[in-house]
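Engineer: Chains L and E supply the protein sequences, listed in that same order. First residue of the first sequence? That's 0 in numbering that gives the first Met the number 0, and the numbers climb one at a time after it. First residue of the second sequence? That's 0 in numbering that gives the first Met the number 0, and the numbers climb one at a time after it.
By construction, these hints were calculated from the structure, which means they are not laboratory data. There could be a bad hint or two in this list.
[What the hints assert, rightly or not] Pairs of lysine to any residue, SDA-like flavour, derived with a Cα cap of 20 Å:
#1 L:K169 <-> E:A19
#2 L:K168 <-> E:K4
#3 L:K59 <-> E:K4
#4 E:K478 <-> E:K228
#5 E:K4 <-> L:F46
#6 L:K169 <-> E:K13
#7 L:K34 <-> E:I212
#8 L:K34 <-> E:K228
#9 E:K13 <-> L:Y280
Listed here are the chains, written in short residue letters.
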Amino acid sequence: MKDYFKFFDKFTFSLLLLLPLIGIFLIYSAGFPLKETNYLKQAAWLFFSLVAFFIVFSMKIDFIFRNALAAYLGLLGILALQLFIGHTMAGTKSWFRLGSIGMQFSEFVKIPLALFLAKIMAGFQLIGWKEFLKLIILIAAPVFLIVLQPDLGVSFILCSFFPVIVLLKKIRPFILIASLVLVLLCGIIGWNSLLKDYQKNRIVSFLNPAKYKTSSGYQIIQSRIAIGSGGLSGKGYLKGSQSQYQFLPARHNDFIISVIGEELGFISIAILFFIFFVFFYRQFKFNFHNDEEFYFIYLFNSLILFQFLINVAMAIGYLPVLGISLPFVSYGGSSLLSLFVGEAIMFRIKINNYLT
Amino acid sequence: MYPSKRKLSGAYVKRAATVAAVILFLIFLGFFAAFWNIQIVHNEYFRRLAVQNITRSIDLTAPRGLIVDCKQKILSENKINFTLYLVRENVIDMKKTLRVASFFSARKVDAIRNIIARYKKYPHFYRISIKKNLARDTVIFIESRQEEFPEFVIGIEPTRTYPLGHCAANVLGYISEISESELNSKKNRDYRLGDFVGRSGIEKQYESYLRGIKGNQVVIKDNLEKIQKVESEIKPVIGATVVLTLDLELQKFIESLFVDQFGAVGVVDLQTGGILAMVSKPDYDPELFTQEMEREQWLALSNDPQNPLQNKFLQGIYSPGSVFKIIMALAGLQEKVITPATTVHCSGSQDFYGREFHCWNLGGHGTVDIFSALQNSCNIFFYNLGKRLDIDTIASYARMMGLGNASGIDMPAENTGLVPSSDWKMRTMKQRWFPGETISVAIGHGSLSVTPVQLLKMIATVALRGRMPRLHLLQRIEKDGKNVMEFTPEFTSVPIAAEYFQIVVDGLFRVVNHEGTGRTAAIAGLDICGKTGTSQIIAKDNPRYKILTKEKRFMPNSWFVSFAPKDNPRLAMVVLVENGGDAGVIAAPLAAKIYNKYFENERLF
Numbered sequence: 000m001k002d003y004f005k006f007f008d009k010f011t012f013s014l015l016l017l018l019p020l021i022g023i024f025l026i027y028s029a030g031f032p033l034k035e036t037n038y039l040k041q042a043a044w045l046f047f048s049l050v051a052f053f054i055v056f057s058m059k060i061d062f063i064f065r066n067a068l069a070a071y072l073g074l075l076g077i078l079a080l081q082l083f084i085g086h087t088m089a090g091t092k093s094w095f096r097l098g099s100i101g102m103q104f105s106e107f108v109k110i111p112l113a114l115f116l117a118k119i120m121a122g123f124q125l126i127g128w129k130e131f132l133k134l135i136i137l138i139a140a141p142v143f144l145i146v147l148q149p150d151l152g153v154s155f156i157l158c159s160f161f162p163v164i165v166l167l168k169k170i171r172p173f174i175l176i177a178s179l180v181l182v183l184l185c186g187i188i189g190w191n192s193l194l195k196d197y198q199k200n201r202i203v204s205f206l207n208p209a210k211y212k213t214s215s216g217y218q219i220i221q222s223r224i225a226i227g228s229g230g231l232s233g234k235g236y237l238k239g240s241q242s243q244y245q246f247l248p249a250r251h252n253d254f255i256i257s258v259i260g261e262e263l264g265f266i267s268i269a270i271l272f273f274i275f276f277v278f279f280y281r282q283f284k285f286n287f288h289n290d291e292e293f294y295f296i297y298l299f300n301s302l303i304l305f306q307f308l309i310n311v312a313m314a315i316g317y318l319p320v321l322g323i324s325l326p327f328v329s330y331g332g333s334s335l336l337s338l339f340v341g342e343a344i345m346f347r348i349k350i351n352n353y354l355t
Numbered sequence: 000m001y002p003s004k005r006k007l008s009g010a011y012v013k014r015a016a017t018v019a020a021v022i023l024f025l026i027f028l029g030f031f032a033a034f035w036n037i038q039i040v041h042n043e044y045f046r047r048l049a050v051q052n053i054t055r056s057i058d059l060t061a062p063r064g065l066i067v068d069c070k071q072k073i074l075s076e077n078k079i080n081f082t083l084y085l086v087r088e089n090v091i092d093m094k095k096t097l098r099v100a101s102f103f104s105a106r107k108v109d110a111i112r113n114i115i116a117r118y119k120k121y122p123h124f125y126r127i128s129i130k131k132n133l134a135r136d137t138v139i140f141i142e143s144r145q146e147e148f149p150e151f152v153i154g155i156e157p158t159r160t161y162p163l164g165h166c167a168a169n170v171l172g173y174i175s176e177i178s179e180s181e182l183n184s185k186k187n188r189d190y191r192l193g194d195f196v197g198r199s200g201i202e203k204q205y206e207s208y209l210r211g212i213k214g215n216q217v218v219i220k221d222n223l224e225k226i227q228k229v230e231s232e233i234k235p236v237i238g239a240t241v242v243l244t245l246d247l248e249l250q251k252f253i254e255s256l257f258v259d260q261f262g263a264v265g266v267v268d269l270q271t272g273g274i275l276a277m278v279s280k281p282d283y284d285p286e287l288f289t290q291e292m293e294r295e296q297w298l299a300l301s302n303d304p305q306n307p308l309q310n311k312f313l314q315g316i317y318s319p320g321s322v323f324k325i326i327m328a329l330a331g332l333q334e335k336v337i338t339p340a341t342t343v344h345c346s347g348s349q350d351f352y353g354r355e356f357h358c359w360n361l362g363g364h365g366t367v368d369i370f371s372a373l374q375n376s377c378n379i380f381f382y383n384l385g386k387r388l389d390i391d392t393i394a395s396y397a398r399m400m401g402l403g404n405a406s407g408i409d410m411p412a413e414n415t416g417l418v419p420s421s422d423w424k425m426r427t428m429k430q431r432w433f434p435g436e437t438i439s440v441a442i443g444h445g446s447l448s449v450t451p452v453q454l455l456k457m458i459a460t461v462a463l464r465g466r467m468p469r470l471h472l473l474q475r476i477e478k479d480g481k482n483v484m485e486f487t488p489e490f491t492s493v494p495i496a497a498e499y500f501q502i503v504v505d506g507l508f509r510v511v512n513h514e515g516t517g518r519t520a521a522i523a524g525l526d527i528c529g530k531t532g533t534s535q536i537i538a539k540d541n542p543r544y545k546i547l548t549k550e551k552r553f554m555p556n557s558w559f560v561s562f563a564p565k566d567n568p569r570l571a572m573v574v575l576v577e578n579g580g581d582a583g584v585i586a587a588p589l590a591a592k593i594y595n596k597y598f599e600n601e602r603l604f
């Protein structure tokens, strides 16, 4: 037990704790004009997430990897079930209500998926047809179910596993080309049959934001105004006109970065980025006993980085609005919980190197 | 230590870590630069946009000035009105918005779309007036569901109201929204789309005084246009009060005399030239125009063959008929073609230039002089007078007495009528004047045409024995209790000797008081002088032709011009009843009632 404390990455953990605390601080400001109490809910979720963190952290890595497939299949089953009986919230059936607490199961798929993908990756050198198909099916199954809910953001994030795998593994050039064609095909089919009008609108309005005042193009314009008008030191906490007069949409969620940009300015943005940078950097530095551990950390850490990248790029108008929140900081219990569970596995892998 | 099953080479892991670090570094460097660009480099630009987002400059409509009569009774004022505005920048679904707007305003979707289209050049946050005079229920409904209808805003504004309804409608005129083409003109620089502007009558004539000064409000609002606080405000200034010479009591009385008849009446105070009453029937409710009028409603009003929007007193063009004999008499005396001793024998008809001309009294008047000719309106006497005067002399006297020119009263869109002359005929018809035509003009027919106001000015000049008053409706304009403008009576002299006026006045006295054609106007104790006129008018191309009954269609217009008392005259009046028939039966008794009303309080008899 003493060893556990001694070798535990206390510095990275403090950063992990700091990010949601900053988040709660910002969620308070975002909810201030309408007297929302989301910040309290988020604090409760942070508490649950910490409990879950230490439960998962105390599990043996072998046990976790052994049960990855079962957890993966179980979650697929729940997602399929949700399509029929899911609680519709904000137009998506991704929520499960347990008492008064809503659960978004799609957020959790990424953990067993990353674990199982890592396990498979440890078993081959080169991505051949067989491996390619296996990987694609594993990723596509939850993506398909989540797109149907429909939750574009989460499914898009899950897709990011594939390029990371390609970067980590050798791949037959022909298969690479084939997968690019597949992506293109998916895009065309998705656009024509799967995407709802409002989702298409998001993407179209990104190309011509001024035309769509109340659409997501408008959201991007307002987000850019919020961030840009913040300047070096911001307009002051709870004093941002874009946030407090509600021009900024989804302030507590997708556009939380714009709240900090407007009210606390470039200095605070730079500090936040620095925290994220150090956090990601430290999570990429580790030792491991088993190849699957290596692959898991790369897959999961890349996933969070990808999420961060898309969210921030969206807030400054470099990408269309995809409904992806800022990891650790944005409001959202399921997201926070799943991230903490994933981080717990990473912390466990890292500490294994020092334990006898 | 755990047993290691690690197969990946150290070099591979190192390379992976390096690639990850480089990617990480590039991502953060990129974001750092992007945020620097937005927050530091373009800070000013975005700061301005943020301010634009929350601040709105709202025009505050100024209440129009009041219009009151000579006894300060209110003819036109303002009332509180709720206006439904549409803010385009908050529209989510235009189809739904149009439907809702159509529901609230009870107008067709297309009508709403047309209104919105007019504001194309205005900024998207500009408030477009969709419906005025919103019902209180609707106001409460919208206000309580502001979240649902972020695109609608309720404005509280003054709106024009005419508490007396139709009364004096054609004097007051009406106001309506300024049009786009008018806004392009330089003189309308400080008007904006949605503003109201005077269209006719006093509302138009004194627009610059009545309109007041618009106020302005800068407010802080949220994304739903809900006002959070008022940053600064300039209060609107109400327009000046226009005090008219009109006597509301008399006006109302005269209007009540026209039950199912149409026509015009004007009464002037001879001491000042101020109009005491100006009636034009049919009329309309000017308040219709301050609400949004539907196209059909407007078409019905403007295409009405009875032309209620026309002020007949100023714009109606009629043949003066026998009333013109007054001017003929003055011309004959001044030109010394006749004297009071000149007599003509009337046998009921006489031949001029090979054509037989009739007197209205086919039995003939016997021997007539100027007095009895006026008294009995003998045509034969005036045919002979016309024959002795040429058309151009007659025309010059008609003009001298105010015919053929606008009367100069302070009202817009006056008509001039027509005084024919040989010159005019050559110009317009490329034809020489035939002497036979002069015979018709001599009794006020032919191409001669006048407006009632011209005849009022003419009879007023006769009453004042050659002093021609300037007719006016304005007494003064008041602002904050001070006079901004005051009308001072103006008189000009007509180059006709006073003694000739006296002869004509004696004749006109006999018309009413010596069993003349106007005897029905007589009131015991009041020396009324007047002249009847009965003029055939209706032609098949007249729009009124179709709507008149067969009996009325060929009924002549009925005139009575008059003044009283004979000496030191105080009141002059013109009464016109369209298709009234015999003037002595229709117009003259009407005049008597008006004199009675006016003098009833001071009658000592």
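Engineer: Would you mind marking each hint as holding or not holding in the structure?
Structural biologist: Each hint tested on the structure:
Straight-line distance between C-alpha atoms of K169 (chain L) and A19 (chain E) comes to about 17 Å, which keeps the hinted pair within the 20 Å bound. Between the alpha carbons of K168 (chain L) and K4 (chain E) the distance comes to roughly 19 Å, so the proposed pair stays at or under 20 Å and holds. A C-alpha spacing of about 16 Å is found between K59 (chain L) and K4 (chain E), which places the hinted pair at or below 20 Å, so the restraint holds. Between K478 (chain E) and K228 (chain E) the alpha-carbon distance is near 32 Å, which puts this suggested pair outside the 20 Å criterion.
Using a Cα cut-off of 20 Å, the hinted pair K4 (chain E) and F46 (chain L) is violated, with the two alpha carbons roughly 36 Å apart. About 16 Å separates the Cα atoms of K169 (chain L) and K13 (chain E), which keeps this hinted pair within 20 Å; it holds. For the given pair, K34 (chain L) sits about 41 Å from I212 (chain E) by alpha-carbon distance, which is inconsistent with the 20 Å threshold. Only pairs whose Cα atoms come within 20 Å are accepted, and K34 (chain L) paired with K228 (chain E) is accepted, the gap being roughly 19 Å.
Distance restraint check for K13 (chain E) and Y280 (chain L): the Cα-Cα separation of roughly 14 Å lies within the 20 Å cut-off, and the hinted pair is therefore satisfied.
Comparing the model with each numbered hint stated earlier shows that hints 4, 5, 7 do not hold.
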